[in-house]
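S.K.: Take a look at the letters that make up each chain.
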Amino acid sequence: MSLPLILFFVCAFIAVLGAALLIVSREPIHSALSLILVMISLAVLYVLLGAEFIAAVQIIVYAGAIMVLFVFVIMLLNAHEEERTDWSKMAKYAGVPLGVVLLFWLAHWMAHSGIAAASAAGSGAGIASFSTVDLAKEIFRQYLLPFEATSILILIAILGALVLARKDE
Amino acid sequence: MVPVSYFLVLSAILFGMGVVAFVFKRNIVTIFMSIELMLNAVNLAFVAFARANNEVDGLVFVFFVIVVAAAEAAVGLAIVITLAQNRQSLNVERVNLLKF
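These protein sequences, in sequence, are chains H and E. Taking the numbering used here, I'd label the letters of the first sequence as residues 1 to 169. Taking the numbering used here, I'd label the letters of the second sequence as residues 170 to 269.
Hint data in this document are derived by calculation from the structure and do not stem from the laboratory. Where hints are given, some of them may not hold.
[Stated by the list, open to error] Pulled a few chain H residues facing chain E out of the computed Cβ check, cut under 10 Å:
1. Leu49
2. Val73
3. Ile139
4. Pro146
5. Thr150
[Said to hold, decoys possible] Partial selection, computed: residues in chain H whose CB lies under 7 Å from chain E:
6. Leu3
7. Ile6
8. Leu35
9. Ala56
10. Val57
11. Ile60
12. Phe130
13. Ala136
14. Glu138
15. Phe140
[Stated by the list, open to error] Coverage of chain E stretches by chain H, computed from C-beta distances (three or more under 8 Å per stretch; other residues unrestricted):
16. 175-184
17. 191-197
18. 227-239
19. 247-255
Note that CB positions come from ideal geometry on N, CA and C, so glycine has one too.
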C-alpha cells in the first residue's frame, strides 16, 4: 500500500468514526466536537486531492467559524443531555430503512457509475494540485456574478440573524 | 495514488450517516449539525469530481457551498435561539404547532 492510500484510509476511518459519534452521543457538545473531527479529516482528504485552498477554507471557515458558532450557541442555551423520547413511527419505519437504502444505493452508484469508472482509470488523487491562481481566475472571471450575489446573500444573512436574535422591545 | 471512486464512496457513506442523524436526533442544534455533515459530504464529492475531470469549476462550487453554509448557520442558529427562548426547550417534538 502506498502512502496516500494509507493516509486516505486513516482519514476516512476518522471521518466515519466522527460521523458515528455524532449520531450516538447524546450531549450536543460531544456531537459538535465529533463534527469538527469529521471536518478536519475531510480537510486532510482535500489536501490529498490536491485542493489546498479548499482545505484551508475548510479549516478556517468550517472548523473555525461555523463550528465555533455552533459551540457558542450550545453553551449559550445550556443544552444538556438530549431527552430520550420514543421515536416517532415515521422515523422507525420509514427513516431507518430509507437511510440505509440511500447509503448503499449512493455508494453502489458512485463506485460503479460510468463517471467513476472513467475517472478511476485516468487521473487519480495524489498527482498534481490545483493552482489557487487558476481558482481565483475562475471565480473572478467566469463566476463573477455569483460571487457578487454571494456578498448580498451574506449581507441579508447578517441582517436576518440580527432581526431574529433581537429581543422584542 | 488513490482512485477517485474511493472518495465518492466515502462521500456517500458520510451523506447517508448525515441523513440517519437528521432523522434520529431530537435536539434541533444536532439536527443542524447533521445538515452540515451532509453539506460536507457533498463538498467531498465535488472536489473528487473536480480532480477526476481536472477542472477547477468543482472547487468554485465548493467555495460557494461553504459560503452558503456559513450564511445558513448564522440565520439558522438565530432561529434556534429565538425558539429556545420561546419554548424553553431544544427538543423538536415540543415544536409541533404545524405538525400534521
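S.K.: Evaluate each hint against the coordinates.
M.R.: Against the structure, the hints come out as follows:
| no. | hint | result |
| --- | --- | --- |
| 1 | Leu49 | 5 Å, holds |
| 2 | Val73 | 5 Å, holds |
| 3 | Ile139 | 6 Å, holds |
| 4 | Pro146 | 6 Å, holds |
| 5 | Thr150 | 5 Å, holds |
| 6 | Leu3 | 10 Å, violated |
| 7 | Ile6 | 10 Å, violated |
| 8 | Leu35 | 5 Å, holds |
| 9 | Ala56 | 11 Å, violated |
| 10 | Val57 | 6 Å, holds |
| 11 | Ile60 | 10 Å, violated |
| 12 | Phe130 | 6 Å, holds |
| 13 | Ala136 | 9 Å, violated |
| 14 | Glu138 | 5 Å, holds |
| 15 | Phe140 | 10 Å, violated |
| 16 | 175-184 | holds (count 10) |
| 17 | 191-197 | holds (count 5) |
| 18 | 227-239 | holds (count 10) |
| 19 | 247-255 | holds (count 6) |
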